[in-house]
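> Spelled out, the chains give:
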Amino acid sequence: MATLPKKESRAPNTCLGLDTNYGDGLEREHSRKPDHKRPEHYGVGDPTTPFSSDGSHLSSRGRISKWFWDLAEEGYRTYHMDEYDEDKNPNGIINLGTSENKLCFDLLSSRLSQSDMLQVKPSLLQYPDWRGHLFLREEVARFLSFYCRSPAPLKPENVVVLNGCASLFSALATVLCEVGEAFLIPAPYYGAITQHVYLYGNVQLVCVYLDSEVTGLDTRPFQLTVEKLEVALQGANAEGVKVKGLILINPQNPLGDIYSPGELREYLEFAKRHELHVVVDEVYMLSVFEESLGYHSVLSLERLPDPQRTHVMWATSKDFGMSGLRFGTLYTENRDVATAVASLCRYHGLSGLVQHQVAQLLQDRDWINQVYLPENHARLKAAHAYVSGELRALGIPFLSRGAGFFIWVDLRKYLPKATFEEERLLWRRFLDKKVLLSFGKAFECKEPGWFRLVFSDKAHRLRLGMQRIRKVLTGTLRVAEDPPSSRTQEPRGQHI
Amino acid sequence: MSRNRDPRSGQPRKAKTKSQNVSHQSDTLHSPHPRVMEVILHLRQIINEFILQLESRHEQEDLEQEEQQHRQNIRNQEAILIHLMCEVVNLLHSGASSSLELQLPRLSLVSKGGAGSGQQAQSSREPDQLSHQLSDSKTAFISCYLSNRGIDFSALYQSNLQDFIAYKGDKYHEDKNTLGFINFGLSENKHCIDLLTERLSQSDMNYIDDDLLQYPDWKGHAFLREEVARFLTYYCKAPDLLDPGNVVVLNSSLSVFLTLTMVLCDPGDAFLIPTPLYSGFTLTSHLYSKVELIHIHLQSKMDTQTFQLIMDKLEKALLEAKFKGEKVRGLVLCNPNNSLGNIDTLDSLKEYLEFAKRHNLHVIIDETYMLSEFRASIPFHSVLNMKSLPDPNRTHVIWGTSKSFGISGFCFGTLYTHNKEVVSAVGAFGFLHGIAGLTQHKLCRLLQDGEWIDNVYLPTNRSRMQVAHRYITNKLKTMKVRFLSRGSGLYIWVNLKEYLDPCTFEEEQLFYRRFLDNKLLLAPGKAYMCKEPGWFRLTFTDKPFRLKVAMQRFSEALTHKKQNWIEKQLENALVESVSSPSTRRSSSSSSSSSSPSSSLSFSSSSFVNVDTSHF
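Line by line, the protein sequences are chains A and B.
Residues in the first sequence are numbered consecutively from 1, following our numbering.
Residues in the second sequence are numbered consecutively from 1001, following our numbering.
The following block holds chain A by itself, in its conformation from the complex (with noise of 0.2 Å):
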């Protein structure tokens, strides 16, 4: 039996405290030692305080789930008691903060009403295979081929169906690393990865800290460079922590920027040398709604690297706007790995007539050209449109290039201290005036002061929503001069 390392070098690399000392990537980096120094670094993040274990019913590790859990969900469930409704609750919380699009439900609706949808066969109601019916990898395999536009049609047998990529990133974890071990990750990054490789696979992240600063041979800011990448490796290694691999999210979250073929590549050449696996999230790849961007997913690639070391995930939650439909694939031509992924599958599973409704959906190939992605992206686009024209108005700074659901908007002015306290409470201030955003330090972003809004909702939400931004704003006065790299870069930004 695996024996885990002891509590205090368990608790979660990364903490959602208030710490101030997490403004500072260095000490950050110092307090990944598992050793007598977290207290002092992880006074407020060790997971354990929050929950003595006088009275309660819970294992340590239960305690650690429920805190990741009430710190995270804590807007969120404000937002749930207090949700808004245009006609029962025009006073309700308006939520540009969970990653979702809400802009087409209508043609989800009724492409899932029809006909095809509704079949129900015995075999889909019984025990299925457990890396998801053949039937629904053939179509993945078929589907990604097309929109990755691989060089060579994918293979349904390098296909693992699950119920969604949290699950994903956990299996992946589990299976890759052993407990203790990391993925180096650049932050800002999507948080919640944090819980999905820690809960069951106790795995952690080494976060590779971008800046919004422009310097060096960068060309544009919070960039990725494989000088970043090994300085964190080398840094992860001589603090002793040994990784395994890098998470990459393409289109990125929370910054909404693609990488090119040419860094992917430099990426994944990276990983190779260090014999690293590259988990590389593509969930919001057909969301790229600014075609110029020209996205490339890494199944396009002619030759990878490591194909044995890539394994690539993908989703529809974000992508046909379902967050609630629960389905998520693996793809990587690495049979043990789809192997061991699929013995984890059975606690992952999704309903057979799940499968079959999304292998019908992504069979569509008419509809999804023809009716689906266009209007998707046209209304991305116009609600994009619509909310960086009223920053812009209202003089924030802020970053979109024209990938994902949200622009990360730059508040940094409006702290009167560059501290996470202070933006805690501005998000808060903002949540008192019911319009609920993630601040970036859910993102482990390490400048305080950043903020993910996300557009992609109806636009008399959207409406509301920038005029209870404005009046928070305007009600705060700014205290710092524009810092000097807070430029605003257009979603037609010039650094492709």
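It should be emphasised that the hints constitute simulated quantities derived from the structure, not laboratory data.
This one's a predicted model, so the numbers in the text were calculated from it and none came from an experiment.
Nothing false has been slipped in among the hints.
No farther apart than 30 Å at their CA atoms in a straight line, the calculated lysine-lysine pairs in the BS3-like style are these:
1. B:K1168 <-> A:K121
2. B:K1357 <-> B:K1387
3. A:K244 <-> A:K155
4. B:K1176 <-> A:K121
5. B:K1171 <-> A:K121
6. B:K1531 <-> B:K1313
7. A:K155 <-> B:K1176
8. B:K1543 <-> A:K121
9. B:K1168 <-> A:K155
10. B:K1531 <-> B:K1316
Label-pair restraints from in silico Cβ distances:
11. B:G1245 <-> A:Y76: 14 to 22 Å
12. B:Q1466 <-> A:N91: 55 to 63 Å
13. B:S1463 <-> A:P151: 57 to 65 Å
14. B:K1327 <-> A:A378: 53 to 61 Å
15. B:K1350 <-> A:N91: 49 to 57 Å
16. A:A378 <-> B:S1463: 54 to 62 Å
17. B:E1451 <-> A:P122: 18 to 26 Å
18. B:Q1466 <-> A:D87: 53 to 61 Å
19. B:R1358 <-> A:P90: 54 to 62 Å
C-beta atoms are modelled at their ideal positions from N, C-alpha and C, and glycine is treated no differently.
Following the hints, put chain B in place on chain A, whose structure we already have.
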């Protein structure tokens, strides 16, 4: 091939071993047999491809003659490859591994059930292995890409599922594939799939709204949790309305069990559990949650009822565990019991709960089989039926639709617990075990439709189960096979001890293979950690035509076994007649001492139903 190897040492970096002590050796030792290793890895890859090819081809329902031929070819090739590979690995094992210290598990252990593999399996098995069922069944799985636990899981997965995969690829069909496998090992109710298909096709099932397509409450949509609470209140006959706030909905009963063990135990903590037990518990506690299951072995011959859990045993097991320094966090119960089909009486349930309370133990009680009792004389009592639970904050109930409604492909399980802390901690895992909103709606409609459940589904299901059960038990009686079945669950617990000579788990495994050769999948007792060799779980909830063929095959396997036994006896007699008197004496004494059942005689007197009172 080089990509399968560690470039530094030229050896595979990780090989799963039973002793788990090889993690660094490949770095320090230079391989004396790089070529052999290369061949092995190459072979394994090819085999994997073959299996995959086989698997995907076979899943198509319509079988053409041509395809069948193709399939046969693939399988023949596969058999050759496996044979080759076994040879190489065993060669390594005998010669090279001592210097390599790379103790590869013997491949013959897991080679497919083709004729002949059984003998190999026997010779390479180790004697006392009851408590090591998990490691014992591992496939040789080598990978330089996976973590040790990844290798471990894969090996388990492959060995556990290989027969299931073989079955999937070669299913019996009354017209198209009369020589295909029939699966009596899988606990699945196929009786009422027509009713369910029809009900789920009705228009009320196909409702869509925006909420269903968005991120759900990870504990389950409120409408479904309310419905589950109502449903359980009614069918568990709860004295008061159950509270939807105590419900968490996940994507299977097993996921509920997993998350419960996660939030109640830290790695290494233990749960008491009576055996025979549901094999899913063993797997789950091993894979993700790393919880120890302390087995309380129940026996077929006891003062009261066969395989009855009694208080003495519980107390003793707890004491022993504590003495050994185990941190026992609770007790796992399964009622109706999976594998035995037993139902606990309300009184004994109370006793167990009181026992747990006395020792501050949590009780996880799996009532997944709750609506599957088919003989009214034996009433099922849910713990939720109790006026007051002895320790409500430590009692956690699991239920799901996979058995009660025979829809295992639906992926739905639920937790009911009064402990709010547990509710929210389990809910925190919800995003890893979520169900589609559309599925939640369908489930809600299904559970809501009391009229259909009470007037259509349950009566039909019950009567079909009764018919099938009667058919199988009559057959078993004619064959003079002893069995246990108490009117609940989807299976009969069959005693084939008499056919094992000697009565060991090796023989049980061989017998299992024997059935497999006859294209019949059964579940051997060892998979349920039964302490006595010779028990098999036989699922009877299948269509009549398949039941008929299956019982023919079953009977053939028994006859064959009987024949073998007679031949063996004759051979022995022959040997004895030519050997010296001293040899004769020792051989006869060893055969009688090795197993009480080796004195088996196929006279009718030795075949009595264990539990005749219920027939």
